[in-house]
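One letter stands for each residue in the lines below.
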Amino acid sequence: MAYGFFTIYWRDMIRFVRFKTLLVSSLLQPALWMAFFGIAMSSNFDQLTAGIPVPPGAHVVGYLTFMGAGIIAMTTLFTSLFSGIVILFDKNWGLMREILASPTDRNQIILGIALSGVTKSFIQAIIIMAFGILIGAAFFAGFTLPETAIGVAGILAFVALFALGFLFLSAAIAISMESPEGLQGIMTLLTMPIFFASNALYPIDTFPEILKIISIYNPLTLLINGIRYFAIGPDFIAMGKHYLISQGDVVLSFAGLVVFAAIMFAFAYWRFSRAVVT
Amino acid sequence: MEPADTAPPIIRVENLEHRYGDFTAVDTISFTVKKGEIFSFLGPNGAGKSTVINILITLLARQKGTAVVAGFDVTTQPQQVRESIGIVFQDITLDRDMTVREILEFHGRLYNMPMAERKARIDELLKLVQLDSKRDELTKRLSGGMKRRLEIARGLMTRPKILFLDEPTIGLDPQTRMRMWEYIKNVNNEGTTIFLTTHYMDEADQLSDRISIIDHGKIVITGTSGELKNTLGRDLIYLETDNNDAAIRILKDVAAVRDIREKSGGFILTVHEDGTRILPSLIDTLRKSGIEISTINLKKPTMDDVFVHYTGKELRDEGAAPARAMHIQPRGR
Numbered sequence: 001m002a003y004g005f006f007t008i009y010w011r012d013m014i015r016f017v018r019f020k021t022l023l024v025s026s027l028l029q030p031a032l033w034m035a036f037f038g039i040a041m042s043s044n045f046d047q048l049t050a051g052i053p054v055p056p057g058a059h060v061v062g063y064l065t066f067m068g069a070g071i072i073a074m075t076t077l078f079t080s081l082f083s084g085i086v087i088l089f090d091k092n093w094g095l096m097r098e099i100l101a102s103p104t105d106r107n108q109i110i111l112g113i114a115l116s117g118v119t120k121s122f123i124q125a126i127i128i129m130a131f132g133i134l135i136g137a138a139f140f141a142g143f144t145l146p147e148t149a150i151g152v153a154g155i156l157a158f159v160a161l162f163a164l165g166f167l168f169l170s171a172a173i174a175i176s177m178e179s180p181e182g183l184q185g186i187m188t189l190l191t192m193p194i195f196f197a198s199n200a201l202y203p204i205d206t207f208p209e210i211l212k213i214i215s216i217y218n219p220l221t222l223l224i225n226g227i228r229y230f231a232i233g234p235d236f237i238a239m240g241k242h243y244l245i246s247q248g249d250v251v252l253s254f255a256g257l258v259v260f261a262a263i264m265f266a267f268a269y270w271r272f273s274r275a276v277v278t
Numbered sequence: 001m002e003p004a005d006t007a008p009p010i011i012r013v014e015n016l017e018h019r020y021g022d023f024t025a026v027d028t029i030s031f032t033v034k035k036g037e038i039f040s041f042l043g044p045n046g047a048g049k050s051t052v053i054n055i056l057i058t059l060l061a062r063q064k065g066t067a068v069v070a071g072f073d074v075t076t077q078p079q080q081v082r083e084s085i086g087i088v089f090q091d092i093t094l095d096r097d098m099t100v101r102e103i104l105e106f107h108g109r110l111y112n113m114p115m116a117e118r119k120a121r122i123d124e125l126l127k128l129v130q131l132d133s134k135r136d137e138l139t140k141r142l143s144g145g146m147k148r149r150l151e152i153a154r155g156l157m158t159r160p161k162i163l164f165l166d167e168p169t170i171g172l173d174p175q176t177r178m179r180m181w182e183y184i185k186n187v188n189n190e191g192t193t194i195f196l197t198t199h200y201m202d203e204a205d206q207l208s209d210r211i212s213i214i215d216h217g218k219i220v221i222t223g224t225s226g227e228l229k230n231t232l233g234r235d236l237i238y239l240e241t242d243n244n245d246a247a248i249r250i251l252k253d254v255a256a257v258r259d260i261r262e263k264s265g266g267f268i269l270t271v272h273e274d275g276t277r278i279l280p281s282l283i284d285t286l287r288k289s290g291i292e293i294s295t296i297n298l299k300k301p302t303m304d305d306v307f308v309h310y311t312g313k314e315l316r317d318e319g320a321a322p323a324r325a326m327h328i329q330p331r332g333r
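Protein chains in written order, with my numbering: chain A, 1 to 278; chain B, 1 to 333.
Not one of these hints is a red herring.
Keeping only pairs whose Cα atoms sit at most 25 Å apart, straight-line, the calculated SDA-like set for lysine to any residue is:
#1 B/Lys134 to A/Met13
#2 B/Lys252 to B/Gly275
#3 A/Lys91 to B/Leu142
#4 B/Lys147 to A/Gly94
#5 B/Lys64 to B/Pro8
#6 B/Lys252 to B/Arg234
#7 B/Lys134 to A/Trp10
#8 B/Lys185 to B/Glu37
#9 B/Lys119 to A/Met13
#10 B/Lys288 to B/Arg277
#11 B/Lys300 to B/Leu279
#12 B/Lys140 to A/Ser26
#13 A/Lys91 to B/Met146
#14 B/Lys252 to B/Arg277
#15 B/Lys35 to A/Pro103
#16 A/Lys91 to B/Pro78
#17 B/Lys147 to A/Phe89
#18 B/Lys300 to B/Gly265
#19 A/Lys20 to B/Leu142
#20 B/Lys140 to B/Arg109
#21 A/Lys91 to B/Ser84
#22 A/Lys20 to B/Arg101
#23 B/Lys161 to B/Arg118
#24 A/Lys20 to B/Asp97
Taking CB as the label site, the calculated pair distances span:
#25 A/Phe196 to B/Asp173: 52 to 62 Å
#26 B/Gly144 to A/Gln184: 29 to 39 Å
#27 A/Ala35 to B/Ser133: 42 to 52 Å
#28 B/Pro114 to A/Gly182: 34 to 44 Å
#29 B/Ser133 to A/Ala157: 41 to 51 Å
#30 B/Arg135 to A/Phe37: 40 to 50 Å
From the derived model, a few chain B residues whose C-beta atoms are all more than 12 Å from chain A:
#31 Ala7
#32 Ala116
#33 Gly144
#34 Lys161
#35 Thr192
#36 Asp202
#37 Thr222
#38 Gly266
#39 Phe267
#40 Gly290
Calculated from the structure, these hints are not laboratory results.
C-beta atoms are modelled at their ideal positions from N, C-alpha and C, and glycine is treated no differently.
Given the sequences, and given the hints that come with them, work out the whole structure.
Structure (structure tokens):
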């Protein structure tokens with residue numbers, strides 16, 4: 001039964017490709033964020049921060065590039081959190097019974113759902129990077145080809161771990177709930193603080209102390225640290241602030257996400273092993 | 001082809017009990033299912049049928065009692081139980097956006113069937129349930145009967161020893177139901193033991209080798225359709241008179257009368273002897289006492305009568321036609 005997860009993955013991918021509207025909208029939405037929010041904000045912020053003096057030779061990046069990393073992270077967050085809804089529909093329409101009554105292990109079910117979520121996040125992240133570069137974000141600027149390849153791989157590794165964590169969380173909540181409305185409510189409630197108490201759109205070091213601590217340990221911040229390191233570089237200036245991301249920071253952020261994903265997996269496993277779907 | 005009674009039962013349930021909070025859904029039930037038979041749970045909705053099925057198919061944790069399916073304990077060996085059984089759930093559980101073939105393919109993969117075997121089995125089953133031409137159709141475009149057939153095919157995908165059918169023909173039109181019964185019989189003839197629940201009298205009657213009538217979480221009686229009917233005597237006579245109370249008092253003392261039950265407007269006699277022969281003398285007896293008979297009906301006991309007799313009520317829900325009407329009008333069978 002070691003490949004049971006692939007069965008779940010296979011079915012989920014069939015549906016992902018088959019629902020054309022869902023497919024197109026999920027691919028278009030992050031691009032639209034970049035296009036509208038990104039261009040609107042950067043045209044303002046870049047003007048505001050233009051007067052701030054920068055040391056000569058520093059690597060200055062525009063706001064579009066800065067928040068591009070945030071958009072990749074945000075999209076991953078939304079997609080992962082809301083993916084649990086599929087489980088709820090499966091449950092309410094009785095489809096989950098077939099799966100739970102089969103010899104396929106519940107671990108494998110969680111894993112299958114998670115992997116398909118990761119796949120979707122990968123596709124979205126790549127679209128945002130490509131589209132971002134197209135409209136002027138300086139991702140991988142000045143990178144050699146191998147460096148770019150490492151950059152993309154690094155970003156995807158971070159995205160994967162982060163997505164797993166929230167997919168597990170979403171699955172755990174979904175399997176425990178009855179109504180899609182309730183789930184939607186919880187998810188909306190979660191996304192707000194996670195998104196805004198992070199460094200997705202702005203620097204966090206001027207935050208009040210408590211908010212700052214929350215933001216530093218926010219998994220979204222950890223993810224964005226990784227993305228910025230791999231997409232922009234270890235040393236850059238954005239919004240007038242000097243960012244120095246050491247390799248140690250990156251490793252720590254990654255480790256943080258590993259711990260986060262592991263805890264969420266344990267949570268999901270606990271909820272699934274108790275799930276009674278009849 | 002009666003299976004030998006000495007063979008170990010393929011399902012053995014002893015003192016099974018299940019509660020939802022204060023409500024006892026299944027109340028110390030015991031029964032066995034023989035290898036190769038079609039065994040039915042007949043009862044109204046809410047009688048506890050689905051709870052028993054859900055425990056047997058390992059979706060619901062057993063609370064009290066013993067349940068052994070295909071030689072495996074549902075609590076300690078759920079994995080082996082799952083590998084031995086096929087299930088057709090009460091409601092349609094097909095993904096609307098998958099094709100007929102994908103539904104079966106997915107199921108085969110869930111049960112870890114090798115690819116070549118999956119392919120061969122899908123071809124075979126689609127022929128069996130006559131969905132060959134619908135292979136690449138999305139299930140949302142299938143009719144109700146086709147969906148049911150596909151679910152049966154799915155239940156058979158892994159060549160289970162036992163196929164569980166929870167209300168297999170619910171919501172289907174009469175013609176489709178008859179065809180479903182044919183499919184189910186064919187499957188059984190090929191050696192699969194069938195456990196089915198139903199609240200349709202005719203379904204239990206025509207399809208099953210043995211029937212357990214279940215009500216309020218208890219098994220009221222178990223037997224073949226013939227055995228169950230025979231417990232009601234040979235014939236049922238329905239009478240309406242101008243003085244039912246007096247008529248019942250008189251008829252109680254007639255030797256051939258086994259039992260009398262009042263109905264609104266009349267009463268039903270069950271008799272030991274051939275009804276057609278004793279009816280004239282019953283009429284005579286009543287006439288002599290000055291009682292006028294307005295309606296007479298004579299018939300063989302049906303599953304409905306058995307059900308009403310043992311549960312003390314007609315079916316509670318929409319399941320069957322009102323039983324009263326059936327007592328008055330003679331039926332074909």
